[in-house]
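There are 2 protein chains.
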Amino acid sequence: MKIQTECVPCLLKRIIFEAKLSTDDKTLQTNAIRTACKMLSEIYDPNECSAVIATKVHKMVYDTLNDEDPYAELKIDSNLIAKSLLPKMEALIKKSDDPLKTIMICSIIGNMMDFGIEGASTDPKMLKDIFEKIYSDGLGYDDYPKLKKLLKKAKRVILFTDNCGEIVFDKVLCRELKKFNPNSFITIVVRGKPIISDATLKDVQELNFKEVVDEILTTGCFAIGVDFNSLPPKLERAIKRADLIICKGMANYEAFSETKYRPIAYLLRTKCSAIANSMEISLDVNAIKVYNN
Amino acid sequence: MKIQTECVPCLLKRIIFEAKLSTDDKTLQTNAIRTACKMLSEIYDPNECSAVIATKVHKMVYDTLNDEDPYAELKIDSNLIAKSLLPKMEALIKKSDDPLKTIMICSIIGNMMDFGIEGASTDPKMLKDIFEKIYSDGLGYDDYPKLKKLLKKAKRVILFTDNCGEIVFDKVLCRELKKFNPNSFITIVVRGKPIISDATLKDVQELNFKEVVDEILTTGCFAIGVDFNSLPPKLERAIKRADLIICKGMANYEAFSETKYRPIAYLLRTKCSAIANSMEISLDVNAIKVYNN
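Protein chains in written order, with the numbering used here: chain A, 237 to 529; chain G, 237 to 529.
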């Protein structure tokens with residue numbers, strides 16, 4: 237997705253959020269805000285991918301804050317809250333006629349645990365309060381039947397994860413994907429370095445993803461979504477060999493929507509109008525959208 | 237008021253709004269956004285008044301857009317919509333036990349016609365739809381009794397206006413102020429140059445404010461609120477001689493809250509949390525707050 241004008245104040249909101257997470261030092265916070273503004277004054281370009289610009293701005297801000305992981309605590313909290321919701325989710329799956337669809341919806345709801353932007357939760361605990369309401373909303377855009385067909389025949393599936401918190405649900409999603417098609421080879425991809433509240437190798441190791449997937453890869457670098465200019469060769473091969481790419485969350489959409497990889501399925505909550513408009517989906521809904529050509 | 241971190245994305249939202257009002261040329265819009273970011277990277281400083289920073293950013297953006305008045309049409313529309321609400325307002329005043337209080341509330345509701353920021357209207361027409369609902373809310377912060385006492389004995393009252401649209405109601409407010417205390421000398425102040433959707437000399441002349449006030453002055457320059465570093469001598473004298481300063485809207489609060497002028501009454505809608513917090517008033521309410529020492 238090309239960056240939209242509205243992405244600029246939204247990105248700055250996130251920068252302010254992370255500067256305050258990182259430090260109480262007002263001077264450092266001010267430097268972070270100024271740095272982000274300076275970077276945007278130099279690289280804001282409506283012809284550039286939003287993820288590419290956001291990566292550069294976050295990089296400069298992390299350096300300014302001298303903090304490799306401002307969201308570290310928030311990520312731990314998010315995983316804890318998500319874990320506490322597991323029994324509820326497993327019960328839903330157990331009584332469901334279509335467990336795969338049920339876990340997909342749960343995993344999309346997990347995508348609401350995103351911080352510092354509008355349309356997302358402000359506190360991990362919020363998810364606990366709103367889970368049932370959002371679950372009853374179901375899918376606001378429903379390409380599940382298409383996705384199911386693709387999954388049925390897919391020999392290789394690659395799943396790009398997004399935030400912590402939802403990563404807990406993604407493990408159950410992988411388990412159900414395997415149950416649905418035991419012959420599929422499942423690769424899961426996390427961020428190569430800590431960036432915003434996204435899951436990294438540490439999270440999938442702690443959650444023991446090995447139990448449910450065949451391969452664990454990382455994007456290899458610090459990037460919002462995926463940086464296609466510095467793809468690790470192993471990941472590049474895995475993407476090319478995959479019969480189906482599944483992307484969780486908005487950042488992966490921002491990055492992959494600039495590529496021609498097909499078929500690709502996005503599982504996300506439309507938390508901002510830039511992405512909702514770009515995907516031609518309503519704002520603030522749970523969505524599965526498949527692009528096949 | 238010192239600038240708050242949250243003012244940065246909000247100011248950028250407004251800049252984007254005005255760039256789009258001004259031109260369909262994407263390159264110009266991009267230049268305006270970059271210019272604003274550059275300016276903020278240089279002058280953002282939590283020890284500086286928000287109005288001072290906003291003035292500098294808007295000035296650079298107006299220059300970049302080569303547009304002296306991006307809000308020109310919107311201001312005309314706002315005045316038209318406000319005029320269409322006059323009969324409703326006059327009816328409310330007529331049947332009121334306290335016409336002055338009634339018009340004050342109406343004039344504060346007019347302050348919702350502000351554009352490009354959250355908590356305000358997005359379209360002048362919106363005011364028509366929400367007027368009655370907001371009127372029934374009454375005052376969320378009510379220093380009207382204090383203000384009434386001050387008005388009773390005031391020989392000189394100076395009123396700083398804010399947006400177009402509400403300026404139509406401000407004329408009725410001035411009329412009622414005069415009725416309430418016929419011995420008071422009333423000075424009204426508008427912006428010296430077009431800035432955002434604020435009223436200028438052109439508006440008060442068209443609305444024939446001479447009928448209801450004793451003196452019409454301007455801030456003399458391009459400024460969000462008032463620039464105390466370039467006050468016209470006549471205005472400076474008028475402020476100093478006034479027994480009471482009345483300020484409409486948030487921009488005047490941002491500027492005057494950095495001064496010691498007393499007594500001062502703010503009549504506004506709390507459209508953002510920065511100002512609501514600074515004034516210790518709830519967000520999204522109609523407020524009259526008097527500072528006397």
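The set of hints was computed from the structure by calculation and includes no laboratory data.
It is possible that some hints are incorrect.
Derived PhoX-like pairs (lysine-lysine); straight-line CA-CA distance at most 25 Å [what the hints assert, rightly or not]:
| # | chain 1 | residue 1 | chain 2 | residue 2 |
| --- | --- | --- | --- | --- |
| 1 | A | K249 | G | K262 |
| 2 | A | K295 | G | K389 |
| 3 | G | K274 | A | K262 |
| 4 | A | K324 | A | K415 |
| 5 | A | K295 | G | K274 |
| 6 | A | K496 | A | K384 |
| 7 | G | K274 | A | K238 |
| 8 | A | K292 | A | K330 |
| 9 | G | K238 | A | K256 |
| 10 | A | K496 | A | K382 |
| 11 | G | K389 | G | K369 |
| 12 | G | K238 | A | K262 |
| 13 | G | K470 | G | K292 |
| 14 | A | K256 | G | K249 |
| 15 | A | K415 | A | K331 |
| 16 | A | K238 | G | K256 |
| 17 | A | K256 | G | K274 |
| 18 | G | K262 | A | K274 |
| 19 | A | K364 | A | K330 |
| 20 | A | K274 | G | K256 |
| 21 | G | K476 | G | K382 |
| 22 | A | K274 | G | K429 |
| 23 | A | K238 | G | K249 |
| 24 | G | K324 | G | K415 |
| 25 | G | K414 | G | K388 |
| 26 | G | K292 | A | K274 |
| 27 | A | K274 | G | K238 |
| 28 | A | K249 | G | K274 |
| 29 | G | K274 | A | K292 |
| 30 | G | K438 | G | K470 |
| 31 | A | K274 | G | K274 |
| 32 | A | K337 | A | K292 |
| 33 | A | K249 | G | K249 |
| 34 | A | K414 | A | K391 |
| 35 | G | K389 | G | K249 |
| 36 | G | K319 | G | K249 |
| 37 | G | K414 | G | K382 |
| 38 | A | K295 | A | K337 |
Since the structure is predicted, the reported quantities are computational estimates derived from the model, not experimental observations.
Going through the hints against the structure:
In summary, the hint linking A/K249 to G/K262 is supported, as the alpha carbons are separated by about 23 Å, within the 25 Å threshold. Restraint check for A/K295 and G/K389: the C-alpha separation of about 60 Å exceeds 25 Å, so the hint is violated. Proposed proximity of G/K274 and A/K262 is supported: the alpha carbons are some 20 Å apart, at most 25 Å. About 20 Å separates the Cα atoms of A/K324 and A/K415, which keeps this hinted pair within 25 Å; it holds.
For a cut-off of 25 Å, the pair hint linking A/K295 to G/K274 stands: about 18 Å separates their Cα positions. Between A/K496 and A/K384, the direct Cα distance comes to roughly 21 Å. Compliance with the 25 Å bound is thereby established for this hinted pair. For the suggested pair G/K274 and A/K238, the alpha carbons sit about 21 Å apart, so the restraint of at most 25 Å is met. At roughly 44 Å between alpha-carbon atoms, A/K292 and A/K330 are farther apart than 25 Å, so this suggested pair is violated.
Proximity of G/K238 to A/K256 is assessed by CA-CA distance (about 18 Å); at most 25 Å being required, the pair is judged to hold. Restraint check: the Cα-Cα separation between A/K496 and A/K382 comes to about 19 Å, which is no more than 25 Å; the hinted pair holds. Between G/K389 and G/K369 the CA atoms are separated by roughly 34 Å; this puts the pair beyond 25 Å, and the hint is violated. For the hint pairing G/K238 with A/K262, the CA-to-CA distance comes to about 13 Å; that is within 25 Å, so the pair holds.
A distance of roughly 24 Å separates the Cα atoms of G/K470 and G/K292; the hinted pair therefore holds under the 25 Å criterion. For a cut-off of 25 Å, the pair hint linking A/K256 to G/K249 stands: about 21 Å separates their Cα positions. The straight-line distance between the Cα atoms of A/K415 and A/K331 is roughly 16 Å, inside the 25 Å bound, and the hint therefore holds. Between A/K238 and G/K256, the direct Cα distance comes to roughly 18 Å. Compliance with the 25 Å bound is thereby established for this hinted pair.
Proposed proximity of A/K256 and G/K274 is supported: the alpha carbons are some 22 Å apart, at most 25 Å. Distance restraint check for G/K262 and A/K274: the Cα-Cα separation of roughly 20 Å lies within the 25 Å cut-off, and the hinted pair is therefore satisfied. Taking the CA atoms of A/K364 and A/K330, the gap is about 20 Å. The hint holds against a cut of 25 Å. As the CA atoms of A/K274 and G/K256 are separated by approximately 22 Å, the hinted pair is consistent with the 25 Å bound.
Distance restraint check for G/K476 and G/K382: the Cα-Cα separation of roughly 21 Å lies within the 25 Å cut-off, and the hinted pair is therefore satisfied. The straight-line distance between the Cα atoms of A/K274 and G/K429 is roughly 29 Å, outside the 25 Å bound, and the hint therefore fails. Between A/K238 and G/K249 the CA atoms are separated by roughly 18 Å; this keeps the pair inside 25 Å, and the hint holds. Taking the CA atoms of G/K324 and G/K415, the gap is near 20 Å; set against the 25 Å cutoff, the hint holds.
Distance hint between G/K414 and G/K388 is fulfilled; the C-alpha atoms sit about 10 Å from each other, no more than 25 Å. Using a Cα cut-off of 25 Å, the hinted pair G/K292 and A/K274 holds, with the two alpha carbons roughly 16 Å apart. For the given pair, A/K274 sits about 21 Å from G/K238 by alpha-carbon distance, which is consistent with the 25 Å threshold. Between A/K249 and G/K274 the alpha-carbon distance is near 17 Å, which keeps this suggested pair within the 25 Å criterion.
The hinted pair formed by G/K274 and A/K292 meets the criterion: a straight-line CA distance of about 16 Å does not exceed 25 Å. A C-alpha spacing of about 19 Å is found between G/K438 and G/K470, which places the hinted pair at or below 25 Å, so the restraint holds. Between the alpha carbons of A/K274 and G/K274 the distance comes to roughly 5 Å, so the proposed pair stays at or under 25 Å and holds. Pair hint A/K337 plus A/K292 does not hold up; C-alpha atoms about 36 Å apart against a cutoff of 25 Å.
Restraint check for A/K249 and G/K249: satisfied, since their Cα atoms lie roughly 11 Å apart, inside the 25 Å limit. Of the supplied pair hints, the one linking A/K414 and A/K391 holds, its CA atoms being roughly 11 Å apart against a limit of 25 Å. Our distance criterion of 25 Å between C-alpha atoms is broken by G/K389 and G/K249, whose separation comes to about 43 Å. Only pairs whose Cα atoms come within 25 Å are accepted, and G/K319 paired with G/K249 is rejected, the gap being roughly 28 Å.
Restraint check: the Cα-Cα separation between G/K414 and G/K382 comes to about 18 Å, which is no more than 25 Å; the hinted pair holds. Restraint check for A/K295 and A/K337: not satisfied, since their Cα atoms lie roughly 36 Å apart, outside the 25 Å limit.
Of the numbered hints stated above, those contradicted by the structure are hints 2, 8, 11, 22, 32, 35, 36, 38, listed in ascending order.
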